[in-house]
Amino acid sequence: MTAVLQLREVTRVHGAGETEVHALRSVSFAAHPGELVAVMGPSGSGKSTLLTLAGGLDTPTAGTVTVEGQDLAALGAAGRARARRTSIGFVFQDFNLIPALTAVENVALPLELDGVRSRTARATARRALEEVGIADLADRFPDHMSGGQQQRVAIARAVVGDRRLILADEPTGALDSETGESILRLLRARCDAGAAGVLVTHEARHAAWADRVVFLRDGVVVDETGADRADALLDAGATQ
Amino acid sequence: MSVRQALLALLEEGPRYGYQLRAQFEQRTGATWPLNVGQVYTTLTRLERDGLVEGAGDDGAGHVVYRITEAGSDEVATWFTTPVERAQPPRDELAIKLALAVTVPGVDVGTVIQQQRTATMSALQDYTRLKRRAADGQSREDLAWTLVLDSLVFGAEAEIRWLDHCEARLRRAQLERPEAAPATPAAVEREASR
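Order-wise, the sequence lines are chains D and U. With the working numbering, the residue at position 105 of the first sequence is 105, and numbering never jumps. With the working numbering, the residue at position 143 of the second sequence is 143, and numbering never jumps.
Treat the hints with care, as some may be off.
[As the list claims (entries may be wrong)] Footprint (simulated), chain D over chain U, 3 or more residues, beta carbon under 8 Å:
1) 11 to 19
2) 38 to 45
3) 75 to 88
4) 123 to 133
[Claimed, not checked] Far from chain U by the CB rule (all over 12 Å, computed), these chain D residues:
5) Glu9
6) Thr86
7) Ser87
[As the list claims (entries may be wrong)] Partial pick of chain U residues on the chain D-facing surface, computed with a CB cut under 10 Å:
8) Glu70
9) Ala71
10) Thr120
11) Glu157
Honestly, the hints are just simulated from the structure, not real lab data. From a predicted model like this one, the values you see are computed outputs, not experimental measurements. C-beta: ideal position from N, C-alpha, C; glycine also.
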């Protein structure tokens with residue numbers, strides 16, 4: 001199966017000379033449709049850099065990042081911005097919803113920015129809210145929702161318009177343990193429905209919802225659990 | 001684990017025979033702590049000797065049924081209202097292993113930690129998968145089983161956090177006293193690749 005996200009030998013160096021910092025060193029990994037991959041590591045291990053590169057917010061010093069078969073670096077800044085509206089969804093710790101917009105308007109926003117007509121965008125957004133179980137809150141403003149509900153809106157926004165790559169950065173960090181768990185269940189369900197997810201977290205309990213857990217230390221993948229070897233071999237064969 | 005108290009607590013719901021008690025125990029706790037039926041009957045015999053349960057005859061199909069006595073009910077009440085003893089920590093093989101790994105020469109502690117973390121993470125993933133499956137049930141027994149799973153989940157998480165903490169402590173200790181770093185080939189190789 002073709003990976004939705006593929007990192008090949010990705011290195012990212014910040015600064016030069018004496019202040020040079022290797023945030024990532026030759027990291028390779030992939031996320032396939034239906035798969036949730038967790039990335040764990042202490043602060044400064046390169047987790048956030050990895051997510052920024054996967055989301056096309058930054059480009060690697062060496063190596064390639066491919067989303068839905070497209071090399072993000074080759075797309076240029078405008079192309080990457082378009083990929084973020086059409087292929088890549090972000091979920092953040094602090095939800096990042098626009099307070100002046102209702103839930104359905106927040107979810108419809110990436111579609112409207114991409115030129116979808118407002119009526120169509122709203123209808124699609126309502127369906128996305130239904131899929132995350134909060135159709136009844138569509139016309140509420142973020143301030144009138146609980147943290148768990150706001151994160152559901154953010155997940156709907158991340159997957160609306162058939163986007164298949166969800167990048168989540170500590171999505172349960174601001175929530176209590178039971179609400180956090182319901183968010184992970186939802187993320188898991190979106191992946192089971194065909195999306196590819198990357199979950200960055202420092203909590204093992206959350207990482208355990210993933211099919212695979214990648215451990216980063218000093219910008220290097222030091223270990224990996226639950227890797228499907230057969231699938232990895234098939235993939236290697238397909239790229240040769 | 002106290003089989004004695006667990007069986008007494010189950011008998012509070014009504015008279016049961018051995019196989020039933022075992023089935024109900026496992027329904028609520030999964031197969032996490034399997035009981036064999038011999039153990040159940042031995043325990044029931046001791047409970048009868050101590051006057052906490054009494055025979056209630058035969059269920060018609062040849063099973064010996066037991067009923068809780070008043071003294072048994074008192075014991076159950078005491079069990080539920082008394083916290084589990086924490087004074088003497090149970091022997092923890094991993095803590096002992098790490099304590100020895102940092103002191104016995106020639107052991108690559110970093111690798112010990114890393115391998116354990118991967119193994120514990122895999123176990124944590126297994127528990128989480130079981131939870132995903134168990135969550136569909138709505139009964140009281142399903143809830144009981146999910147709480148047991150949560151206990152395993154939090155236990156494994158705590159172990160991983162502790163391993164992360166050990167790793168960070170060791171790194172700091174190595175930076176502060178580089179001459180004291182263990183000079184195993186693997187450690188030297190890791191340093192060189194940094």
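For this session: Quick one: see if chain D covers the region 123 to 133 of chain U, three-plus residues with Cβ-Cβ under 8 Å.
Result: Holds: 5 residues of the region 123 to 133 of chain U have a Cβ under 8 Å from chain D.
For this session: Under 10 Å, Cβ to Cβ, is where Glu70 of chain U needs to be relative to chain D, so tell me if that hint holds or is violated.
Result: With a minimum Cβ separation of about 39 Å from chain D (threshold 10 Å), the hint on Glu70 of chain U is violated.
For this session: Quick one: see if chain D covers the region 38 to 45 of chain U, three-plus residues with Cβ-Cβ under 8 Å.
Result: Coverage by chain D is violated here, the residue count being 0 at a Cβ distance below 8 Å.
Exercise. Does Glu9 of chain D sit more than 12 Å from chain U, CB to CB?
Worked result: Glu9 of chain D is indeed farther than 12 Å from all Cβ atoms of chain U, at 16 Å.
For this session: Tell me if Thr120 of chain U is really an interface residue toward chain D, meaning its C-beta lies closer than 10 Å to one of theirs.
Result: 8 Å, holds
Problem set entry | Residues of the region 11 to 19 of chain U with Cβ under 8 Å from chain D, three needed, outcome | violated (count 0)
Problem set entry | Claimed coverage, the region 75 to 88 of chain U by chain D - three or more beta carbons nearer than 8 Å | violated (count 0)
Exercise. Is the hint on Glu157 of chain U kept, meaning its closest Cβ partner in chain D is under 10 Å away?
Worked result: 4 Å, holds
Exercise. Can Ala71 of chain U be said to touch chain D, with a Cβ gap under 10 Å?
Worked result: 39 Å, violated
Problem set entry | Non-interface label on Ser87 of chain D, tested against every C-beta of chain U at 12 Å | 27 Å, holds
Problem set entry | Interface exclusion of Thr86 of chain D relative to chain U, criterion Cβ beyond 12 Å | 30 Å, holds
This entry does not satisfy hints 1, 2, 3, 8, 9, going by the numbered hints stated previously.
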